[in-house]
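Enquirer: Let the sequences and hints guide you as you build the complete structure.
Protein chains: 2
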Amino acid sequence: MNDRIKKLLEDLNDLDHDMAAITYTESLLGFDSMTTASKDGVSARSEVISFVSTLYFNTLINPRVDRLLKELSDVYNELDDLSKAKYNYFRREYEKISPIPVKEYADYQSLLVESSNAWEEAKNANDFSIFAPYLKKVIDTTKRFIDHRGYEGHPYNTLLNDYEPGVTVDMLDGFFEELKASIVPLVQRIQEKPKPNTSFLSNTFSIDEQEAFSLYIMESLGFRMDGGSLSESEHPFTQNMSPDDVRITTHFHENDLINPIFSTIHETGHGLYEQNISKSIGFSCLATGVSMGIHESQSRLYENNFGRNPAFWQAHMPKLKELFPNELKDISIQDFIRATNKVEPSLIRIDADEVTYPLHIMVRYELEKMLMEEDVDIQELPKLWADKYEQYVGVRPTTEAEGILQDVHWSEGLMGYFPSYALGSAYAAQFEHAMEKELSVDECLKHGDMKTLLDWLAHHIHQYGSTITPSEIIQRATGEAFNPKYFTDYLVKKYSLLYGLKE
Amino acid sequence: MNDRIKKLLEDLNDLDHDMAAITYTESLLGFDSMTTASKDGVSARSEVISFVSTLYFNTLINPRVDRLLKELSDVYNELDDLSKAKYNYFRREYEKISPIPVKEYADYQSLLVESSNAWEEAKNANDFSIFAPYLKKVIDTTKRFIDHRGYEGHPYNTLLNDYEPGVTVDMLDGFFEELKASIVPLVQRIQEKPKPNTSFLSNTFSIDEQEAFSLYIMESLGFRMDGGSLSESEHPFTQNMSPDDVRITTHFHENDLINPIFSTIHETGHGLYEQNISKSIGFSCLATGVSMGIHESQSRLYENNFGRNPAFWQAHMPKLKELFPNELKDISIQDFIRATNKVEPSLIRIDADEVTYPLHIMVRYELEKMLMEEDVDIQELPKLWADKYEQYVGVRPTTEAEGILQDVHWSEGLMGYFPSYALGSAYAAQFEHAMEKELSVDECLKHGDMKTLLDWLAHHIHQYGSTITPSEIIQRATGEAFNPKYFTDYLVKKYSLLYGLKE
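These protein sequence lines map, in sequence, to chains A and B.
Per our numbering, the first sequence runs over residues 4 to 506.
Per our numbering, the second sequence runs over residues 4 to 506.
In short, the hints are calculated from the structure, not lab data.
Which copy is meant is left open, because identical chains are indistinguishable; a pair holds if it fits in one copy or across any two.
Below, in silico cross-link-like pairs of lysine-lysine (DSBU-like), each with a Cα-Cα straight-line distance of 35 angstroms or less:
1. K106 to K10
2. K87 to K106
3. K196 to K505
4. K106 to K73
5. K42 to K454
6. K449 to K42
7. K449 to K282
8. K106 to K282
9. K322 to K42
10. K73 to K10
11. K282 to K42
12. K324 to K42
13. K87 to K42
On a predicted model such as this, the values are computed, not experimentally measured, just so you know.
Expert: And the structure:
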């Protein structure tokens with residue numbers, strides 16, 4: 004390597020190091036806000052979050068980094084793979100932020116704080132009109148940023164790419180068409196069958212025992228307890244500080260056995276992805292999951308494909324019954340599985356079952372796409388939302404709180420994010436199909452051999468962190484490009500069996 | 004105010020804002036390390052801590068700040084009080100760090116990481132020789148830094164001033180002489196009396212109930228629960244993020260009722276100081292306790308003067324007995340108070356009672372002073388330590404782990420810090436004496452009226468944060484300069500009564 008390249012790589016690694024430290028700090032502030040931070044401390048906390056976000060901006064957007072990226076681009080083909088990946092990462096980040104004038108960027112950060120507050124107030128008051136003017140500003144700003152940044156094909160593509168690089172409106176239109184064609188009739192057929200008994204799930208379950216089971220199941224799935232932790236928060240989430248410090252949270256309810264268990268399994272899926280990123284990447288911005296969609300594929304694989312599978316409970320029901328001997332007396336694995344896979348059209352996305360979930364996403368996808376391509380009257384949104392729910396999910400919200408106001412995302416400027424949830428489920432089915440060529444998932448689950456499954460995932464997916472793209476991961480792990488057919492096949496097969504439908 | 008001063012104050016406030024944000028970040032990293040952070044995450048965490056510490060250095064030590072401080076110094080008399088306090092704060096910080104060459108500063112940070120690791124290893128192995136070479140380097144570096152920074156009177160004064168501005172060797176020599184003259188004979192007279200019964204304190208006490216009592220007592224003392232939190236950690240500590248986000252920790256043991264309770268009261272004392280700093284200071288480096296000594300005065304006032312007082316338990320014993328009806332059956336307030344005020348010479352500082360505690364500090368004070376003025380052979384330290392323990396405390400360590408290796412402080416470069424612990428107890432007695440002129444502490448305690456006591460402390464001490472010096476606080480709150488006589492009087496009076504000695 005010549006001296007010039009050596010110097011450029013030193014600068015690139017220094018930039019990566021500093022940006023990784025700043026990102027760690029942002030992550031810690033975020034994790035702390037959701038766990039230990041006090042209610043009244045929000046004002047000082049906002050000052051610090053804003054300081055660190057400015058530091059992020061200033062460290063990345065400056066003439067020195069601009070020059071570095073240009074010079075690296077000239078010698079790109081001479082770089083090793085890791086350095087190429089770092090260059091690509093920072094070029095993406097640079098191109099995402101640098102076209103936005105500093106003043107507009109800062110104003111937008113302030114707008115998001117106000118808009119989140121307005122959303123919370125509006126949701127509590129069940130009154131969209133409180134949030135509407137802020138949502139309009141967020142949408143207008145988002146569209147102006149797309150103008151600054153440019154787009155290919157469809158303006159919404161720019162947003163989709165922020166969360167799932169490579170994904171386009173063309174691809175998602177086809178994806179959701181395929182889902183609609185399979186899921187809508189599947190849901191209808193399920194609705195004609197008798198509903199499973201779920202009453203035993205709302206007995207009283209001691210929090211201490213629930214926590215014991217959460218810790219047991221994390222360890223059983225292969226989570227390294229010295230490389231992370233379990234905390235409680237209002238909504239479950241995963242925050243990685245580094246692959247050796249991955250924090251998952253859950254939320255226990257005394258009258259709910261199921262949501263806390265499956266939240267823990269879901270978040271452990273995210274956590275295992277982060278824990279198994281290759282050490283060779285080092286302390287770097289690349290030492291984290293590559294995209295929202297791939298991340299969600301891991302959490303959903305663990306939660307739904309593994310966790311809501313009867314074979315899994317052959318290994319783990321004894322422990323659950325040991326902790327809740329009276330509460331689960333006379334409950335068979337079959338009862339438990341039928342109850343935890345109950346399909347029922349409902350209004351709230353985060354409570355939705357595996358089958359109807361993608362329909363909730365479809366509503367948001369179509370609305371976001373429309374908002375980006377047309378001038379939609381903001382006052383029309385609640386009705387547009389309700390119409391689409393009625394059409395796809397089969398239920399119509401009667402209040403704004405359980406309709407247009409249910410999700411926090413738009414108030415935080417997260418547009419283009421929702422589709423990655425549905426992609427995650429679809430990727431998961433494709434990964435499971437690929438695993439099945441080399442091993443029997445059911446056999447592993449039945450014998451509690453989670454290590455074989457984790458090894459496969461770590462080898463084919465986790466280890467790469469953000470050094471290769473989502474589509475490269477899918478191609479390498481499954482031998483083909485993304486194909487939503489595996490997901491619809493999986494749903495039809497699983498639920499035909501559970502509900503006794505003819506396939 | 005003329006435009007030039009206006010501009011200077013804007014720059015000063017910007018500096019203060021950035022430094023406050025960096026300090027908040029450092030505090031959060033520290034708090035997290037002691038609570039949630041994973042065992043294996045230490046490597047990434049160290050990278051981030053080092054990044055933030057470099058950011059602190061670079062934000063403060065640069066030609067722009069140097070010029071700002073010089074220009075402010077020219078117009079000092081025209082500044083308002085808060086701006087004067089900010090100027091004084093940053094001038095102090097600047098003069099502390101800027102004389103150290105950057106390279107030496109960075110090397111020292113690395114040395115402290117190695118030396119802390121070596122200390123831990125040495126303590127576990129009960130082998131001072133593992134730690135000795137690192138301790139020698141820390142001492143040599145500390146002395147070299149004093150050379151860079153300069154000193155008045157005695158080199159140790161520079162270190163003392165870092166933790167307790169205004170304190171000198173001359174003053175502390177007198178202070179410890181006075182303590183020695185009162186405490187050593189007091190301890191001897193107590194030793195001749197029968198020992199109180201403490202056996203009931205090591206029954207089994209459920210952790211859930213202990214936690215309930217900790218939360219109850221925090222609230223009873225006036226801690227705002229929306230402005231802070233209680234967590235668990237290996238060693239109890241308090242970390243303020245802002246006056247509205249003050250975190251205290253404690254450590255529960257199933258076979259120990261007393262240490263967790265008094266740790267919680269102690270840390271709540273620290274916490275109340277931070278919570279009651281005036282909002283008018285705003286988001287600033289000055290919105291925190293002014294010194295280690297004043298801080299420790301608040302924690303010890305709550306723990307010892309209030310908490311180990313029988314009047315206090317007239318108000319709170321009913322709650323404790325409600326939580327532990329069987330464990331505390333037949334235990335009177337008098338039994339409880341005698342047990343929790345047991346005096347006994349011992350080897351370990353952090354387990355020492357209120358009377359012998361200052362003697363532990365005296366050992367460290369004399370050794371640190373000696374190390375700063377002479378060339379002490381590092382190999383002699385364990386023996387010097389043991390000799391002084393025998394002489395002052397009346398017990399001689401037989402192992403290095405319970406002798407010279409017991410405290411973490413020196414391995415972290417904290418020299419000059421120990422005396423503030425003893426000063427804290429002495430300040431507390433002087434504050435209590437001043438309170439007694441305006442109100443009856445015992446009457447307040449007896450009726451659970453902690454608000455009257457807190458209001459006095461908030462008004463005379465807490466509100467100022469770091470805007471005035473420790474000696475100004477003492478002068479304003481008590482009407483006179485620091486006088487250790489109040490502390491020795493307090494000890495003699497309290498323990499004569501408890502142990503039935505003639506005063």
